[in-house]
Amino acid sequence: MGLNISLAPEVLFYIGTFPVSNTFFWFIIVWLIFIIGALFLKNNLKMVPGKMQNLTEMAISGAYDFTESIIGKGKRAERVFPLVATMFFFILICNLIPYIPGQAAITIYNGQGMVPLFRSIMADYGLVFVMTITTVITVQIITIAVSGPFLYFKKFINLKSPLKFFLGVMDLIGEVAKIVSLSFRLFGNIFAGEVLTAVMLFLMPFIVPLPFAFLGLLTATVQAFVFSVLTLVFISMATEIPEEKLKKKEKKMKTNQEIGQEV
Amino acid sequence: MNSLIDALGLDLRILIAQFVNFAILVFVLWKFAYKPVFKILEERREKIKKGIEDSEKSEKRLEEAESEKNEIIAEARRQANELIEEAKGKADIRYQEIVNKAKGDLQVVIEDEKEKIASYRKQAFNEVKKDAAILITSALEKILDEKIDEKKDKEIIENIIKDLN
Amino acid sequence: MDIESAKYIAAGLAVGLGAIGPGIGEGIAASKALESIGRNPEASGKITPLMFVSMAITESTAIYALVIALIILFA
Numbered sequence: 077m078g079l080n081i082s083l084a085p086e087v088l089f090y091i092g093t094f095p096v097s098n099t100f101f102w103f104i105i106v107w108l109i110f111i112i113g114a115l116f117l118k119n120n121l122k123m124v125p126g127k128m129q130n131l132t133e134m135a136i137s138g139a140y141d142f143t144e145s146i147i148g149k150g151k152r153a154e155r156v157f158p159l160v161a162t163m164f165f166f167i168l169i170c171n172l173i174p175y176i177p178g179q180a181a182i183t184i185y186n187g188q189g190m191v192p193l194f195r196s197i198m199a200d201y202g203l204v205f206v207m208t209i210t211t212v213i214t215v216q217i218i219t220i221a222v223s224g225p226f227l228y229f230k231k232f233i234n235l236k237s238p239l240k241f242f243l244g245v246m247d248l249i250g251e252v253a254k255i256v257s258l259s260f261r262l263f264g265n266i267f268a269g270e271v272l273t274a275v276m277l278f279l280m281p282f283i284v285p286l287p288f289a290f291l292g293l294l295t296a297t298v299q300a301f302v303f304s305v306l307t308l309v310f311i312s313m314a315t316e317i318p319e320e321k322l323k324k325k326e327k328k329m330k331t332n333q334e335i336g337q338e339v
Numbered sequence: 116m117n118s119l120i121d122a123l124g125l126d127l128r129i130l131i132a133q134f135v136n137f138a139i140l141v142f143v144l145w146k147f148a149y150k151p152v153f154k155i156l157e158e159r160r161e162k163i164k165k166g167i168e169d170s171e172k173s174e175k176r177l178e179e180a181e182s183e184k185n186e187i188i189a190e191a192r193r194q195a196n197e198l199i200e201e202a203k204g205k206a207d208i209r210y211q212e213i214v215n216k217a218k219g220d221l222q223v224v225i226e227d228e229k230e231k232i233a234s235y236r237k238q239a240f241n242e243v244k245k246d247a248a249i250l251i252t253s254a255l256e257k258i259l260d261e262k263i264d265e266k267k268d269k270e271i272i273e274n275i276i277k278d279l280n
Numbered sequence: 003m004d005i006e007s008a009k010y011i012a013a014g015l016a017v018g019l020g021a022i023g024p025g026i027g028e029g030i031a032a033s034k035a036l037e038s039i040g041r042n043p044e045a046s047g048k049i050t051p052l053m054f055v056s057m058a059i060t061e062s063t064a065i066y067a068l069v070i071a072l073i074i075l076f077a
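Chains as they are written, first to last, in the working numbering: chain A, 77 to 339; chain B, 116 to 280; chain C, 3 to 77.
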């Protein structure tokens, strides 16, 4: 039995020409669990909470407090919270599901060969990439909304001096690097965990993989946390008003004051 | 680059499907999980706040009622004392009055009685005098046995009585 | 040495060498964070998330190395 490691998720079956990979399959299952859970929660909210409701409330309000502590109170936190919290809870559950014992052994015949039915959901670069792109697009939109389109493009393309042009190019590269590092961080960690577990199981099935499993559990939680916190940090950085605009505003206020004094 | 994309298993249709799914997930969680939970948390907070305020209020009211009660009791006691004092004073005055009246009445009665006694005594004395005059005359008649003329006799007796007085 | 084996060696070297820096960096970050928690235990709630975030950013270099390795292998 050889070790079969694939960077891409294995395709389970096709619906028409649409390939359903094992990660996509489980993504849909977790997605359904979340949606049904949300609907169930909405219909069963009580003034006097039960145990489950208490737990949910604690998780959500804790997450909200943390969001507020990073991005500041009020409207900003309220707007950003759904995206960030959904990312956190979704990634967390997705990362924890592989630790249900026994599922790694199930394989399925897909027409060409045996493929494992289960794969860690975040070990699918496509999904991670989608979430990263969501973050980056949100950040760009917020930046444009805060600093205005003119200043936004001026940040990247500046022809005033060679140094400024170079810095603008660096900024552009930085944005791309943000996407790459954010997505590959999560993907790399989870995929590496998968591979590590597979290799350890292949080499020594008993006891030895256990410490790695614990490490993987820690990684699963921390990566979910890191991904959402970095998203939050990027967004909160984008919401800060840039210096130039601030200066302009101050000038405007000053002139207004002067006019007011003259009047 | 194409082979890398293949190796990572990227497929535009899957990416779009996942994006749509993720967007729906965010929306559903926001609409059906976060919002209601925040709402109910806020409601509960309000309720607890209200409960605490109410209990504080009722405690205050209880304290007020307590102090009012004490005040009323003190007032009642004071009034009762006053009443008693007043009654006592009135009773004293009345007693004095009654006693004085009784004393006055008694005086009157005593005076009356005294007068009566005096008049009785006078009467008795007069009667005794008359009796004594008759007795004396009869005794003298018997002793002298001979009647001087009546006129002279009467003169003598009157003289004697005058002397007696 | 054919091009295939050179690719494998290059990919292994890229990740291996690229992991050295972040490994040291994350170790320093963790040790400093633990030191400060030991000095001021009440601040652990604030320090721990910040430590994780900074470690995640430190990790970026290793991730770039991983990306390069993947590009070498598959592109």
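Hints are computed from structural coordinates only; laboratory data are not their basis.
It should be emphasised that the depicted structure is a prediction, and the values quoted were computed from it without experimental measurement.
Please note that the accuracy of each hint is not assured.
[As the list claims (entries may be wrong)] Only pairs whose alpha carbons sit at most 20 Å apart, straight line, appear in this in silico EDC-like list of lysine to aspartate or glutamate:
(1) A:Lys151 - A:Asp141
(2) A:Lys151 - B:Glu157
(3) A:Lys127 - B:Glu242
(4) B:Lys150 - A:Glu251
(5) A:Lys254 - A:Glu270
(6) B:Lys162 - A:Glu133
(7) B:Lys231 - B:Glu242
[As the list claims (entries may be wrong)] Only part of the chain B face toward chain C is listed, based on derived beta-carbon distances under 10 Å:
(8) Ser118
(9) Leu119
(10) Asp121
(11) Leu123
(12) Leu127
(13) Ala138
Just so you know, even glycine gets a beta-carbon here, dropped at the ideal spot from N, CA and C.
Now the hints, each set against the structure:
1. Of the pairs offered as hints, the one joining Lys151 of chain A and Asp141 of chain A holds, with about 13 Å between alpha carbons and a cut-off of 20 Å not exceeded.
2. A threshold of 20 Å between alpha carbons decides the hint, and for Lys151 of chain A with Glu157 of chain B the separation of about 16 Å falls inside it, so the pair holds.
3. Our distance criterion of 20 Å between C-alpha atoms is broken by Lys127 of chain A and Glu242 of chain B, whose separation comes to about 128 Å.
4. Annotation: proposed proximity of Lys150 of chain B to Glu251 of chain A is violated, straight-line Cα distance about 32 Å (limit 20 Å).
5. Simply put, Lys254 of chain A and Glu270 of chain A have alpha-carbon atoms about 24 Å apart, too far for the 20 Å limit, and the pair is violated.
6. Taking the CA atoms of Lys162 of chain B and Glu133 of chain A, the gap is near 17 Å; set against the 20 Å cutoff, the hint holds.
7. For the hint linking Lys231 of chain B to Glu242 of chain B, the alpha-carbon distance of about 16 Å falls within 20 Å, and the restraint holds.
8. Hint status for Ser118 of chain B relative to chain C: holds, with the closest Cβ pair at about 5 Å, below 10 Å.
9. At about 4 Å, the closest approach between the beta carbon of Leu119 of chain B and any beta carbon in chain C falls short of 10 Å, and the interface hint on this residue holds.
10. With a least beta-carbon distance of about 8 Å to chain C, the hint placing Asp121 of chain B at the interface is held under the 10 Å criterion.
11. Below 10 Å, beta-carbon pairs count as interface contacts, and Leu123 of chain B has one with chain C at about 8 Å; its hint therefore holds.
12. Nearest Cβ of chain C to the Cβ of Leu127 of chain B: about 18 Å, over the 10 Å cut. The hint is violated.
13. Given hint, Ala138 of chain B at the interface with chain C, is violated; its Cβ is 25 Å from that chain's nearest Cβ, farther than 10 Å.
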